[in-house]
Amino acid sequence: MREPFDVTVSGIKISGTIWLPDEAVIAAVAMVHGDGAQDRTMAGGYAPMINTLLDHGIAVASWDKPGVGLSEGNWLRQTMMDRAVEARRVLQLLDERFVDKEIGVLGFSQAGWVLPSLTRADADFLILIGAAVSWQDQGDYFTRVRLRRAGLDAQEIETALAEQASDDDRVFGKDATVADAPPGMSPDRWRFIRQNRGADARQALSVLDLPVLALWGSEDLNVDPQRNAAAFQDMLGSRDAPTRIRIVPDATHGLLKARAYNWQLSEDWSPYAIGRFLVEGRHAFAPGALDQISDWIGERAGMQ
Numbered sequence: 001m002r003e004p005f006d007v008t009v010s011g012i013k014i015s016g017t018i019w020l021p022d023e024a025v026i027a028a029v030a031m032v033h034g035d036g037a038q039d040r041t042m043a044g045g046y047a048p049m050i051n052t053l054l055d056h057g058i059a060v061a062s063w064d065k066p067g068v069g070l071s072e073g074n075w076l077r078q079t080m081m082d083r084a085v086e087a088r089r090v091l092q093l094l095d096e097r098f099v100d101k102e103i104g105v106l107g108f109s110q111a112g113w114v115l116p117s118l119t120r121a122d123a124d125f126l127i128l129i130g131a132a133v134s135w136q137d138q139g140d141y142f143t144r145v146r147l148r149r150a151g152l153d154a155q156e157i158e159t160a161l162a163e164q165a166s167d168d169d170r171v172f173g174k175d176a177t178v179a180d181a182p183p184g185m186s187p188d189r190w191r192f193i194r195q196n197r198g199a200d201a202r203q204a205l206s207v208l209d210l211p212v213l214a215l216w217g218s219e220d221l222n223v224d225p226q227r228n229a230a231a232f233q234d235m236l237g238s239r240d241a242p243t244r245i246r247i248v249p250d251a252t253h254g255l256l257k258a259r260a261y262n263w264q265l266s267e268d269w270s271p272y273a274i275g276r277f278l279v280e281g282r283h284a285f286a287p288g289a290l291d292q293i294s295d296w297i298g299e300r301a302g303m304q
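Once you know that position 88 of the sequence shown is 88 in full-length UniProt numbering, the rest is easy, because the numbers rise by one and skip nothing.
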């Protein structure tokens, strides 16, 4: 069963759906998108994860980004803090809808700069998948991987990264204007990058008091799994709050099976890979990845 919802955030209507399990609800989770113009189901990509959570008694809420689907506004005008305000509003809705249940949030990729600002007043637990601590470091890693896969040697890659850093400072720096936007980049996208490129989660993570499950795929092509898992361990590993930091073997940025689904961008997927994902459903994920998420939520709800 599903329930549509509308909430107002900073004067903008945000539309989404709450999916309900067939059995009693043990917990509820709000799903927070990564980058891009995502609708509430990520064009159907969330279905295997949503269905897995529902099978474990976990209600799921997700919504269209501003300006996508039925939501008003423009997601490219948002800062990471704007996105956090949006998540808080949906968490408040879930708290009102599911009284005395554990209410948490599950975020992907870019949500790693959004959700660490939450507190126990907002949610009972936090799950992050493929999160990066630093926007700048993540961009460097993404480019390094892309260039290596294109066949450049180590020296060529370092030269290209230095040139990119210089170009970025010119294009997005404090003295830049929209006229400096690279060819093909919309003014809105330029503004989005310019206002968010300094995002860094270290300060928020250093004071985070929520239970945290943080997962990365070992074969992530977008975010450095080893470096970011180590940073999370350094900042969160000694807390009293329950904390689990894991790298999932043979998994992608989105925890899919790396041998079948490892590309940096969704538009790089072949028609065959898309068809295979639709057929495989939850079996497209690396072994145990979805179970780690549902089991950990069950632990928070006292069901494990």
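Source of the hints: derived by calculation from the structure; they are not laboratory data. Where hints are given, some of them may not hold.
[What the hints assert, rightly or not] Restraint-style ranges between C-beta atoms, simulated for each label pair:
#1 Pro-183 to Ala-121: 43 to 49 Å
#2 Ala-230 to Met-185: 31 to 37 Å
#3 Glu-156 to Met-185: 33 to 39 Å
Note that beta-carbon positions come from the ideal geometry of N, C-alpha and C, so glycine has one too.
Tested hints:
1. Pro-183 to Ala-121: 43 to 49 Å: This hint holds: roughly 45 Å between Cβ atoms.
2. Ala-230 to Met-185: 31 to 37 Å: holds, 33 Å
3. Glu-156 to Met-185: 33 to 39 Å: Violated, since Glu-156 and Met-185 (Cβ atoms, about 24 Å apart) do not stay within the stated range.
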